[in-house]
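Undergrad: Chain U: place on chain S using the hints.
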Amino acid sequence: MSATTSRSKRTIEILALVLPGVVLLGAGLIWPFATMIHMSLLDKYPGETALTLTHYLQFVTDSYFIGIALRTFGLALVVTLLTAIIGYPVAWFLARSQSRFKHLVFLGVVSPLLVSIVVRTIGWTILLGNEGLVNAALLALGIIDEPVRLMQSFWSVVVGMVHVLLPFMVLSIASVLGKIDGSLMEAAAVLGANPRRTFTRVVLPLSVQGIAAGSVIVFCLCIGAYITPIWLGRGHVTVMSISIYEQMVVMVEWPLGAAASMILTFATLLILLAYGFAIRRHAKR
Amino acid sequence: MRRRSDTLLNIYVGLVLLFLALPIAIVIPAAFNTDPTLAFPPKGLSLKWFETAWNHQPFWDALWITIAVAVLASAISLIIGTLASFAIVRHKFPGREMLELLFMTPLVFPAIVLAVALVMVLGPLGLVRTFWGLVFAHVIVTVPYVVRTVGATLSEIDIAYEEAARTLGANPLKAFFLVTLPMLRPGLIAGAVFAAIISFDEFTISLFLVGPGVMTLPLEIYYYTEFQMDPTVAAISAMLVAFTAVVIVLVERFIGMQKQFRH
Chain S
11 MSATTSRSKR
21 TIEILALVLP
31 GVVLLGAGLI
41 WPFATMIHMS
51 LLDKYPGETA
61 LTLTHYLQFV
71 TDSYFIGIAL
81 RTFGLALVVT
91 LLTAIIGYPV
101 AWFLARSQSR
111 FKHLVFLGVV
121 SPLLVSIVVR
131 TIGWTILLGN
141 EGLVNAALLA
151 LGIIDEPVRL
161 MQSFWSVVVG
171 MVHVLLPFMV
181 LSIASVLGKI
191 DGSLMEAAAV
201 LGANPRRTFT
211 RVVLPLSVQG
221 IAAGSVIVFC
231 LCIGAYITPI
241 WLGRGHVTVM
251 SISIYEQMVV
261 MVEWPLGAAA
271 SMILTFATLL
281 ILLAYGFAIR
291 RHAKR
Chain U
16 MRRRSDTLLN
26 IYVGLVLLFL
36 ALPIAIVIPA
46 AFNTDPTLAF
56 PPKGLSLKWF
66 ETAWNHQPFW
76 DALWITIAVA
86 VLASAISLII
96 GTLASFAIVR
106 HKFPGREMLE
116 LLFMTPLVFP
126 AIVLAVALVM
136 VLGPLGLVRT
146 FWGLVFAHVI
156 VTVPYVVRTV
166 GATLSEIDIA
176 YEEAARTLGA
186 NPLKAFFLVT
196 LPMLRPGLIA
206 GAVFAAIISF
216 DEFTISLFLV
226 GPGVMTLPLE
236 IYYYTEFQMD
246 PTVAAISAML
256 VAFTAVVIVL
266 VERFIGMQKQ
276 FRH
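Residue numbers (our numbering), protein chains in the order written: chain S, 11 to 295; chain U, 16 to 278.
Chain S with its partners taken away, still in its complex shape (with noise of 0.2 Å):
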C-alpha cells in the first residue's frame, strides 16, 4: 500500500467522522447567525428596502437600552464577583481538604446543576415571596413588622443567578487549585511566610486562571441568561435578553431584536477575546 492511498483513505475517513457535525453546526449555528446579521441591518422586515445601522444606532443611542444594557452588564459583574468571592474556599476544599466528606461536597456543588432551573426559581419565589421563609423569619424575629417586597427587585435576581451560577465557578477553581503542587507552600512555609502571605504571594496568583476561566463562564452565561431575571424580577429588572425577547415576540421588530442580540453577541465575543489576550500575557510572565 502507498503511503497516497493511505493518506486518502485517512482523508475520507476524517471527513466521515466531521461531516455530520459540519452540517449540523452549519445549518443550526452558521446559517442562523448569518441570516441574524442580515436582518439586523435590514431597514423593516418584511418588506425591507435597503440596509441600514439605524437599529445599531438606537441602541447605542436611546436611553432606554442604554440602561438596559448597562443593568445587564452590571448584573453579571456583581454576579461574577459574587460566585468568585463564595466560590473560591469552596473549591479550596474541593481541591484541597482531607475532609471525608469531600466527595459529599462535590456531589451537593454539581447537583443542584441537574435540578430543573424552574424547580429552583420557584424555590427562591418560596424563600423571598412576601409569605416567604425569609419574611417569616424577619417577622418572627421581630426585626420587621409587615412583610418586605423581596423579590421583583435587582438583588433577588442577583441571589438567583449566583445560586445558579456558583457552581461553575467552583469547578473552575477548584481544577486550578487541584493542579497547584503542594511543596510550593510547604516552601514558602519554611522560607519563613506565615499562612496569610504564603496565600496572597503563591496561592493565589497561581489560581488566578482558575477564577478567570470560572469569571468568563459566569459572565457569559449571566448576560445571557433569560429565566431567572424574568421570574425573580417580575418585569422589574429588563435584561437584555428580555428585552429581546419583548421586540421579537411581542412587538415582532425583527430587525431591532436581531441587532440588540448582535451587540450582545459582539460584547460576548469581546469578553472571551480579553480572556484570551489576559490568558496570554498571565502564561508569559
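Worth flagging that the hints you see were computed from the coordinates, not collected in a lab.
Treat each hint with caution, since some may be false.
Said to hold, decoys possible - Each computed DSS-like pair below joins lysine-lysine, with the alpha-carbon atoms no more than 25 Å apart:
#1 LYS19(S) <-> LYS107(U)
#2 LYS107(U) <-> LYS189(U)
#3 LYS112(S) <-> LYS189(S)
#4 LYS19(S) <-> LYS189(U)
What the hints assert, rightly or not - Quick list of simulated restraints, FRET-style, between CB atoms:
#5 LEU62(U) <-> VAL218(S): 45 to 55 Å
#6 TRP69(U) <-> LEU149(S): 30 to 40 Å
#7 SER16(S) <-> MET198(U): 24 to 34 Å
#8 THR210(S) <-> GLU171(U): 28 to 38 Å
#9 ARG20(S) <-> ASP173(U): 15 to 25 Å
#10 ILE190(S) <-> LEU265(U): 26 to 36 Å
Every value quoted in this text rests on a predicted model; they were computed, and no experiment measured them.
A virtual CB, placed ideally from N, CA and C, is assigned to each residue, including glycine.
TA: Just chain U now, with coordinates in the frame of chain S:
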C-alpha cells in the same frame, strides 16, 4: 491554629451547601401546604396539590413531548458528537481546533441569541412551533456536552489497544467494536445522560419554538404560574426533584459524577 481555620472552613462550606440546597429542598414542604399560596412554613398538611398537578392534563402532554424531544435530541447528539470526537481526538487535520471551538460555541453563546437566530431560519421553513424544529434546536445545544464528555473519555484511551487488536488480525470495525467501544462506554453514557438532562431542562430556546400542541414541561409550568401561583407548581417541582435525585444516584452509582466534572 490550624485546627480552628479548618473548622471555620468546614462551617463555611456547610453554609454554602445549605444555600445551594435550600431553594431546591423548600419546594417539598411548600407542596404540602393547605393554603393556596406558595408559603413557607406551610399552614397545614395536605396532598391536594399533588392531586391537582397529577390531574392537570397539560403537564402530562408537555411531559411526553419533553421526554420524546430529550430522547431524540440526545440520541442524535450522541451519534454526531461521538463521530466528531473521534476526528478531534484521534486525528490532526486543518481546521481541527476551529471545529472544536465551534462545537463548544453553544455553551458560552447567549442562549437568547441562539434562540433568535434559530427562529430566523426555522421560521421561513415552517419549523417553528413544530416537534422537529424543537428537536433540531435541542441537538444544537446538547451536542457540546457529548463532544466534551466523549472526547474526554476518548483522550484517556490509549490508541495502542486498538493498534494491538489490529496487529492481532482484527479489521478496523472489529477493533473498534470489541476494543474501543467497551472502554468508551462510560463516556457515552455520561454524554447521553447530560444531553438528555440539558434538553429536559432547556427553557430559553424552547421559549421561541413551542406553541399550541408542542409544549415542553418547563414552559408549561412557567405559563401555569402566569395565571396562578399556587402550590401546584411546588408539587410538580417536588416530583421533579425526586426524579432528579434518582438520576443523580444512578449517575453516581454507574459512572461517577466526579469523573465527568474533572475536565
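Undergrad: Now look at each hint and say whether the structure bears it out.
TA: Hint by hint, here is what the structure shows:
1. LYS19(S) <-> LYS107(U): Cα-Cα ~14 Å, so holds.
2. LYS107(U) <-> LYS189(U): holds, 23 Å
3. LYS112(S) <-> LYS189(S): holds, 17 Å
4. LYS19(S) <-> LYS189(U): holds, 18 Å
5. LEU62(U) <-> VAL218(S): 45 to 55 Å: Once the Cβ atoms are compared, 52 Å apart, the range 45 to 55 Å for VAL218(S) and LEU62(U) holds.
6. TRP69(U) <-> LEU149(S): 30 to 40 Å: holds, 33 Å
7. SER16(S) <-> MET198(U): 24 to 34 Å: holds, 25 Å
8. THR210(S) <-> GLU171(U): 28 to 38 Å: This hint holds: roughly 36 Å between Cβ atoms.
9. ARG20(S) <-> ASP173(U): 15 to 25 Å: Once the Cβ atoms are compared, 20 Å apart, the range 15 to 25 Å for ASP173(U) and ARG20(S) holds.
10. ILE190(S) <-> LEU265(U): 26 to 36 Å: At roughly 33 Å between Cβ atoms, LEU265(U) and ILE190(S) fall inside 26 to 36 Å, so the hint holds.
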